[in-house]
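Position chain E against the provided structure of chain G, taking the given hints into account.
2 protein chains.
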Amino acid sequence: MRPKMILFGDSITEDSFGEGGWGASLAHHFSRSLDVILRGYSGYNTRWILKVIEKVCNGESPIAMTIFFGANDASLPDRTSAFQHVPLHEYKQNLQSIVSFIKVPTSLSFYNSFTVQQSVMRWFKTKGFRITSACRKWPTTLILLITPPPIDEDGRIRHPFGDNPSGLSERTNEAAGAYAKACVEVADECGVIGVDLWTKMQQYPNWEKCCLSDGLHLTPTGNKIVYEEVIKKLTKEGVNVETLSADLPLLSQIDPCDPLKAFQN
Amino acid sequence: MRPKMILFGDSITEDSFGEGGWGASLAHHFSRSLDVILRGYSGYNTRWILKVIEKVCNGESPIAMTIFFGANDASLPDRTSAFQHVPLHEYKQNLQSIVSFIKVPTSLSFYNSFTVQQSVMRWFKTKGFRITSACRKWPTTLILLITPPPIDEDGRIRHPFGDNPSGLSERTNEAAGAYAKACVEVADECGVIGVDLWTKMQQYPNWEKCCLSDGLHLTPTGNKIVYEEVIKKLTKEGVNVETLSADLPLLSQIDPCDPLKAFQN
Chain G
1 MRPKMILFGD SITEDSFGEG GWGASLAHHF SRSLDVILRG YSGYNTRWIL KVIEKVCNGE
61 SPIAMTIFFG ANDASLPDRT SAFQHVPLHE YKQNLQSIVS FIKVPTSLSF YNSFTVQQSV
121 MRWFKTKGFR ITSACRKWPT TLILLITPPP IDEDGRIRHP FGDNPSGLSE RTNEAAGAYA
181 KACVEVADEC GVIGVDLWTK MQQYPNWEKC CLSDGLHLTP TGNKIVYEEV IKKLTKEGVN
241 VETLSADLPL LSQIDPCDPL KAFQN
Chain E
1 MRPKMILFGD SITEDSFGEG GWGASLAHHF SRSLDVILRG YSGYNTRWIL KVIEKVCNGE
61 SPIAMTIFFG ANDASLPDRT SAFQHVPLHE YKQNLQSIVS FIKVPTSLSF YNSFTVQQSV
121 MRWFKTKGFR ITSACRKWPT TLILLITPPP IDEDGRIRHP FGDNPSGLSE RTNEAAGAYA
181 KACVEVADEC GVIGVDLWTK MQQYPNWEKC CLSDGLHLTP TGNKIVYEEV IKKLTKEGVN
241 VETLSADLPL LSQIDPCDPL KAFQN
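Going down the list, the sequences are from chains G and E.
Okay, so the first sequence: first residue is 1 according to the working numbering, each after it adds one.
Okay, so the second sequence: first residue is 1 according to the working numbering, each after it adds one.
So that you can see chain G by itself, here it is in the shape it has in the complex:
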């Protein structure tokens, strides 16, 4: 069986197999070595996702997983998408809980606080104990925690989600930045990989229109940035086409003079 990679997130993940999408690009890149499994839930925030995480994260352990939430949590609490808003401190706790659900050993799950769990795990580590075997879920899965993208408020006003008589953007780049910062902090605290998309994307010239189609969702250029950042991190962690074995012999490994030899084992 091929190993798999799960893409877990909101609409920016759900849409990732559309035109020029970062998910499709990953599936294409790993076309002979990984199954790329889409678990994007449009509109979802971390509060909602925690209600259903057991349904999403089950079955065989994936080799890698992107966790890409925050764009909805960062909706402002007094504007048209207030029902999706999650306060910053809760967003941070929720992200920790998501990582904890996936990675923390059962033996430590009675410590309700993730910070305490982390301290205990670190203590175990300094003593040289390996605790990954007593896992709750997928302790060996490589987790990439992706921050929400930056927001182009002008784009949001031009392309509102539903009616927006106020004419005010329901998201701001400043709020998205605060959630992105929290996301990077959680990645550091939990010892998983952080992808600071909010910062990275703003380094691109005219990012507001080049990277975002409606001030929030990604253009093909925006998708390319996500794809390249994910590939960069995966490669750094040893998950790449060279280290993963190809499913069945590649054409280049098949001898034109005796093709069936390649299938003898």
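Hints listed in this document are in silico derivations from the structure and should not be mistaken for laboratory results.
Some hints could be false.
Lysine-lysine pairs mimicking BS3-like chemistry, simulated, CA-CA at most 25 Å apart [what the hints assert, rightly or not]: (1) G/Lys137 / G/Lys4; (2) E/Lys261 / G/Lys51; (3) E/Lys55 / G/Lys261; (4) G/Lys4 / E/Lys4; (5) G/Lys4 / E/Lys137; (6) G/Lys261 / E/Lys51; (7) G/Lys55 / E/Lys261; (8) E/Lys224 / G/Lys224; (9) E/Lys55 / G/Lys4; (10) G/Lys55 / E/Lys4; (11) G/Lys137 / E/Lys4.
Interface residues of chain G toward chain E, partial, derived using beta-carbon atoms under 8 Å [to be verified]: (12) His28; (13) Ser31; (14) Ile37; (15) Cys57; (16) Leu248.
All figures in this text were calculated on a predicted structure; none of them were measured in a lab.
Even for Gly, the Cβ is constructed at its ideal location relative to N, Cα and C.
Frame of chain G; chain E shown alone:
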């Protein structure tokens, strides 16, 4: 767990998550309802694939599966891709064996001839017996047998696979057409769905350059034709977004006044 759909074929399947690819479009279309699993093996013909089919077709039954071989089998036996050539009568038998491997009940597998197996199954059917329960593999899987695409010989000469000092195309449209006809016949004989891509694509104006990038592989327009044909057949058989249940509540089903209510069950 979500149901899945498997895309099984050669390079035209392996490349189907590239730019504008038909596989990515299917995954996008079914982003909340089906896992689209890529099993494309560049360069493979039906003879090679029969050596490895047990490795590919295992695990849970998919709801649907595209089987898309023939472009390599139809390579001419006296030109540069002769090592991929499979004679027409063997191609037809091999396709039958692939379908048989996936769908024929174990209880009938001692009849070596697929035609005999089919006759026996038809006889059972006329008597009103249901034989799907004693299955060998995946008796309920909806199989779409896709013919090879047409060939633009000029494109093949301009974009040869490796050295081609002869200057002759290693494939012809006439040969591809004979294999396509055999593929449609197998679909009819086996009672699975045929997709006559060879005929369909040639109805498109300037199909040689519009649909094919190198006389064999698909442009975004060519990919769109495959995607639309597959969707059309799936829909006709009742596999569509409306009949498949969405994985977790859609945003439109979540009450903005009480979002968590949607997650109570």
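How the hints compare with the structure:
1. G/Lys137 / G/Lys4: holds, 15 Å
2. E/Lys261 / G/Lys51: Given pair E/Lys261, G/Lys51 holds - Cα atoms ~11 Å apart, limit 25 Å.
3. E/Lys55 / G/Lys261: The hint holds at about 17 Å.
4. G/Lys4 / E/Lys4: holds, 14 Å
5. G/Lys4 / E/Lys137: Given that 25 Å is the threshold and the Cα spacing comes to 23 Å, the pair holds.
6. G/Lys261 / E/Lys51: Status holds; Cα separation ~11 Å.
7. G/Lys55 / E/Lys261: holds, 17 Å
8. E/Lys224 / G/Lys224: holds, 22 Å
9. E/Lys55 / G/Lys4: holds, 16 Å
10. G/Lys55 / E/Lys4: With a Cα-Cα distance of about 16 Å, the restraint between G/Lys55 and E/Lys4 holds, given a limit of 25 Å.
11. G/Lys137 / E/Lys4: Satisfied, since the Cα-Cα distance of roughly 23 Å is no more than 25 Å.
12. His28: G/His28 check passes; min Cβ-Cβ to chain E is 4 Å, inside 8 Å.
13. Ser31: holds, 5 Å
14. Ile37: holds, 6 Å
15. Cys57: violated, 12 Å
16. Leu248: Status holds, d = 6 Å.
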